[in-house]
Amino acid sequence: MRWLIALFLFSAPLAAAPEPYDMVVDPDAITFSYVFDEREIGGRFPSYSGNIVLDLDNVPNSKVDVTIATGDGTAGFIFATQTLRGPKVLWSQKYPTMRFVSTSARRDGMSAILEGELTIRDVTQPVTLDVTLFRDAGTEPGERDELTFFATTEINRSDFGANGFPNLVSDELKIEIKARILRQK
Amino acid sequence: MTPYSTISKLLHWGLAVIILSMLAFGNALTNAEPTLETIQRFNQHKVAGLVALALILWRVIERLRSGASFPGGTNPAWDDYLARIVHIAFYVAMIAMPLTGWVGSSAAGIDPVIFGVILPGIVPQNPDLSDTLFVAHGVIGKILLGLFALHMIGLFKRLIGGDQKVIERMTG
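Top to bottom, those sequences are chains A and B. Per the working numbering: the first sequence = residues 63 to 247. Per the working numbering: the second sequence = residues 23 to 194.
Please note that the accuracy of each hint is not assured.
[To be verified] One-sided excerpt, in silico: chain B residues whose CB lies under 7 angstroms from chain A:
#: 1; residue: P56
#: 2; residue: L58
#: 3; residue: V135
[Said to hold, decoys possible] For each label pair, taking beta carbons as the anchor points, the in silico distance ranges come out as:
#: 4; chain 1: A; residue 1: E100; chain 2: B; residue 2: L32; range: 29 to 37 angstroms
#: 5; chain 1: B; residue 1: L167; chain 2: A; residue 2: P188; range: 49 to 57 angstroms
#: 6; chain 1: B; residue 1: Q66; chain 2: A; residue 2: A199; range: 46 to 54 angstroms
#: 7; chain 1: A; residue 1: N225; chain 2: B; residue 2: P98; range: 55 to 63 angstroms
#: 8; chain 1: A; residue 1: D90; chain 2: B; residue 2: V161; range: 42 to 50 angstroms
Derived from the structure by calculation, the hints contain no laboratory data. We treat Cβ as the ideally placed atom computed from N, Cα and C, and that holds for glycine.
Pulled out of the complex, with its shape left as it was, chain A reads as follows (with noise of 0.2 angstroms):
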């Protein structure tokens, strides 16, 4: 267990320009939710890749793009897998990835909104990040070089036509990241 202490709490604001980072590919760091049968499942993302640019003193500066294999994707037990990954869900041999790009980011008390486009079977919608960041319980307040990621938003499967087996998995997902990224040298 890391313990965790959100950057903006203490923190003043030092001086910076948007700096890259790059996320660290952790199998547990993309996973969702969802309503089957009336149980709540997880599932995981473990193969994704990503372009953070953060600029912690003006936040509407910072990006992120996130591409995401949906091939690899979990659902927590092997048929929801299969459903996952076959064609009346994710259809990962059409559309091998899924995508992330963020328009907007602002601050909001010690988080930050994140709004970008969700690419999901080349459908392309609208969607906001709730994000808040985290550097490790002992480091210094300024610490920058290792940080903690943390986001979360909900989406419609079927917004971007995932809309297969609607009687038995729910619409609505919850989708948590919580990726480590670390300061490019």
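Using the hints provided, position chain B relative to the given structure of chain A.
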């Protein structure tokens, strides 16, 4: 008249039980509520269908290897001709039934899972192909039931006509 080979007889009766059970199983699945249990039952149906396909292919090979036992001369020619057509149609439908299910499942991206392992897809994912094949799967099921009815009619017609050999070649 020589009876069928022992393997042919065992496969005939075994497949009779499997096919009739699978028709009932499949019919129940098409009307089942969508639940996790139903999804697991669908997979059981797919795995059983693969077993049936293997037995059917074995039966076809055995039939080609050991030949058929045709009743001698007591039936009118048109009657034996109809029996031949029903038998050939049975083989075609028996092979087409599991194949449409398997290819349809693969095209739907939901390949059979055996002991927790997803079998590799045999065709590219294609929902239109999948939908078409599952319609065909249902139609072939009805054809199999129809062939089963004709098979029984033929059997009873012969038994009523005093031809015991027709069944003894498969029971003897």
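**Request:** List in ascending order the numbers of the hints, as given earlier, that are violated by the structure.
**Result:** Those not satisfied come down to hint 4.
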